Every structure is written in structure tokens, then in C-alpha cells.
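Chemist: Fit chain Y to the given chain D structure using the hints.
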Amino acid sequence: EDQVTQSPEALRLQEGESSSLNCSYTVSGLRGLFWYRQDPGKGPEFLFTLYSAGEEKEKERLKATLTKKESFLHITAPKPEDSATYLCAVQDAGGTSYGKLTFGQGTILTVHP
Amino acid sequence: GAVVSQHPSWVICKSGTSVKIECRSLDFQATTMFWYRQFPKQSLMLMATSNEGSKATYEQGVEKDKFLINHASLTLSTLTVTSAHPEDSSFYICSARVGSRNEQYFGPGTRLTVT
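Each protein sequence line maps, in turn, to chains D and Y.
Here this note's numbering is used: the first residue of the first sequence is 1, the next is one more, and so on.
Here this note's numbering is used: the first residue of the second sequence is 1, the next is one more, and so on.
No lab work stands behind these hints: they were computed from the structure.
For clarity, every value in this text was computed on a predicted model and none was experimentally measured.
Coverage of chain Y stretches by chain D, computed from C-beta distances (three or more under 8 Å per stretch; other residues unrestricted):
| # | region |
| --- | --- |
| 1 | 40 to 46 |
| 2 | 102 to 109 |
Derived lysine-lysine pairs resembling DSS-like cross-links, with alpha carbons at most 30 Å apart:
| # | chain 1 | residue 1 | chain 2 | residue 2 |
| --- | --- | --- | --- | --- |
| 3 | Y | Lys55 | Y | Lys14 |
| 4 | Y | Lys14 | Y | Lys64 |
| 5 | D | Lys42 | Y | Lys14 |
| 6 | Y | Lys41 | D | Lys42 |
| 7 | D | Lys68 | Y | Lys41 |
| 8 | D | Lys59 | D | Lys69 |
| 9 | Y | Lys64 | Y | Lys20 |
| 10 | D | Lys42 | D | Lys63 |
| 11 | Y | Lys66 | D | Lys42 |
| 12 | Y | Lys64 | D | Lys42 |
| 13 | Y | Lys20 | Y | Lys55 |
| 14 | Y | Lys14 | Y | Lys66 |
| 15 | Y | Lys41 | D | Lys59 |
| 16 | Y | Lys66 | Y | Lys20 |
| 17 | Y | Lys20 | D | Lys42 |
| 18 | Y | Lys66 | Y | Lys55 |
| 19 | D | Lys69 | D | Lys79 |
| 20 | Y | Lys41 | Y | Lys66 |
| 21 | D | Lys42 | D | Lys79 |
| 22 | D | Lys79 | D | Lys59 |
| 23 | Y | Lys14 | Y | Lys41 |
| 24 | D | Lys79 | Y | Lys41 |
| 25 | Y | Lys64 | Y | Lys41 |
| 26 | D | Lys79 | D | Lys63 |
| 27 | Y | Lys55 | D | Lys42 |
| 28 | Y | Lys20 | Y | Lys41 |
| 29 | D | Lys57 | D | Lys79 |
| 30 | D | Lys57 | Y | Lys41 |
| 31 | D | Lys69 | D | Lys57 |
| 32 | Y | Lys41 | D | Lys63 |
| 33 | D | Lys42 | D | Lys59 |
| 34 | D | Lys57 | D | Lys42 |
| 35 | D | Lys57 | D | Lys68 |
| 36 | D | Lys69 | Y | Lys41 |
We put the beta carbon where it would ideally sit given N, CA and C, even for glycine.
Isolated chain D (complex conformation):
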């Protein structure tokens, strides 16, 4: 069974204080690892897809990296508008081709001005 564990559960940062969120995963074979941002009362917003160990992707102040066992979401010089819940999900290569995602519990990020 696929498992995704995110840490920490909650993270409070001062504006400009860089940090990283962790996503550890267990799958029989990784087809893809996904990062989403979710604001309260809204659906998740797609951020990145990573496919193989060593891959990195960037978007504004966010950078996602991938190893064979975990992924990190690095946040550089965060701003209050980066406050949200960040979700990690994996897609098992051994599953059907329909693209089922297994989500972690998320990390609630709060950035104080």
C-alpha cells in the first residue's frame, strides 16, 4: 500500500525566513510525485510534478526536489501570501493507468510579516 508522510505538520516562519517541507513516500514504483498548495475552503492548486530522483523544479520562491525516498519543497524568502497548506501526493507506477493519487496529510505553513 502506498504511503505518504509529510513533516512538519505545521510550520511558522517569519517573512524572509527560508525553510523546507518534507515528504517521505513508500510506493512499489513511482510514476510521479506531485506538490499542491491548498488555501482554506478551496481546491488544491497544482505546483509541480517530479518523476525521477535528482529532478528539481522551481516556481517563484518554491523549489521542489526528489530522491528515491523523499521530496523536499524549499521555500526561499517566504512572504505572508505563501501561507497555505502544502500537499504532497504520489502516483504508483504499478497501479492502473488512470492516475490515482495518494495524498499526505499536508503541512500548514504560516508566514508572519
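Modeler: Below, chain Y without anything else, positioned relative to chain D:
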């Protein structure tokens, strides 16, 4: 691109009634859509996978006769909660898969409250 809409955004219904939620891909065709449920302070739990023109695949523990899914076109999937009860109150979110990029885009969600 890759915009997904849901309707309604929120709904309140009485116990025992049925509620239909629509999920549309606005600027792409989605052969596969997914329905998730999210309880407060919890992550998304997949309920079912909806494929255009075929029966939905339900996750273990999800009652197929209670949560009816129809994916009649490449841009529309519907979830009907039949004989709703207060324990069905939740945030229901759909997603649509962009096959060529293996990415899933989510709708804004529907807040269901059963009184």
C-alpha cells in the same frame, strides 16, 4: 489552461434527500476525473475514479449505491449523494487528469451540509 469548475460551490440539504454535484473541465477534455472527500483538518481521500463512457471505480469502503457517479462526456462528471445523512457533510472536490502531461487539476470544491 487546465481549469476545472464545480457546481454548486456549497449546498445545504435535508437528511434523506439527494444532491448532485457537477465537475467540468473548461478548457480541455478529460477522459478521467476523480472525486475526493476532505473532512476538516484532514487530507484528501479518493472516493472514486470516473472514466468517460464506463462505470466508475470506487475505493474500498465507499458505497457505490450511495455515491452515484456519471461521466457522460469528456468535460463533465457528476457525483450524486443519495439519501444524504449528516455524516455525509464534507468538502467534495473533483479533479481532472490532463493525460498528455500526467497532471491532475482540481476544482474549487463543494461544501455539502446535511441537516
